[in-house]
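Produce the entire structure from the sequences given, and follow the hints as far as they go.
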Amino acid sequence: MKFRALVAAIGLWVAFGAIDARGPWDANQPIYAAPSLRDLKSVDELKTSFNQDRGKPRLVLLLSPT
Amino acid sequence: MCVAGTRWVQTELLAKYPKADLRVYAIWFNMFPGDARSKWPPSLLNDQRVIHRWDEGKVVGMWYGGHANDIRSQLSPGSSWNGDILWDAYLLYGSEARWDDAPTNLIHWGRTIVAGRETLRQDFERLYGPSR
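Each protein sequence line maps, in turn, to chains A and B.
Heads up, the first sequence is in the working numbering, so the first residue is 1 and it goes up one at a time.
Heads up, the second sequence is in the working numbering, so the first residue is 1 and it goes up one at a time.
Rather than coming from a laboratory, the hints here were simulated on the basis of the structure.
Hints may be right or wrong, so weigh each one.
Short derived list, chain B residues pointing at chain A, Cβ under 10 Å [said to hold, decoys possible]: (1) ALA26; (2) MET62; (3) LEU75; (4) VAL114; (5) TYR128; (6) ARG132.
Note that beta-carbon positions come from the ideal geometry of N, C-alpha and C, so glycine has one too.
Take a look at the structure:
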């Protein structure tokens, strides 16, 4: 009986978010996808994205990786 | 130096304007002998508003290099540029910008990013208000 009560208590604890896959220290932080790097083949690809995002300011960064 | 400018954009702009409606295109390409796609630092610029692209042919840097004279009047104070391939640089466009032959509504551009960062910060303040 005590064992069942313990299992039920743990179940409730998990259900209400006390335990999170990310750990309790950052349970309130949103999960973000890791950045991905895709190939760019032409300026037109950037141009298309640029025009699709019209309506918001846009920042182009030209970068080298080191 | 490119890394320093990129880190500054992440920590001093994107992190301080987390709700700013903005799109960032990070175009990466080789410029130093040790550069390579495998050296891309994914954690350096990890804001969700950033789209990362690898430009093996440097086509974007060459395109901007060829158009630099057309936009020289919008070069940020402290910046300078002469060359064929524009890199370690930023270009900030307003919300109404449209790219037909060339992008319109350029607010400012800077090279290096570090050299032009104060102008970029001021432009963010004008667009979005004081940072948090």
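Taking the hints in turn, this is what the structure says about them:
{"no.": "1", "hint": "ALA26", "verdict": "holds, 5 Å"}
{"no.": "2", "hint": "MET62", "verdict": "holds, 9 Å"}
{"no.": "3", "hint": "LEU75", "verdict": "violated, 14 Å"}
{"no.": "4", "hint": "VAL114", "verdict": "violated, 12 Å"}
{"no.": "5", "hint": "TYR128", "verdict": "holds, 8 Å"}
{"no.": "6", "hint": "ARG132", "verdict": "violated, 17 Å"}
Checked against the numbered hints given earlier, the structure breaks hints 3, 4, 6 and satisfies all the rest.
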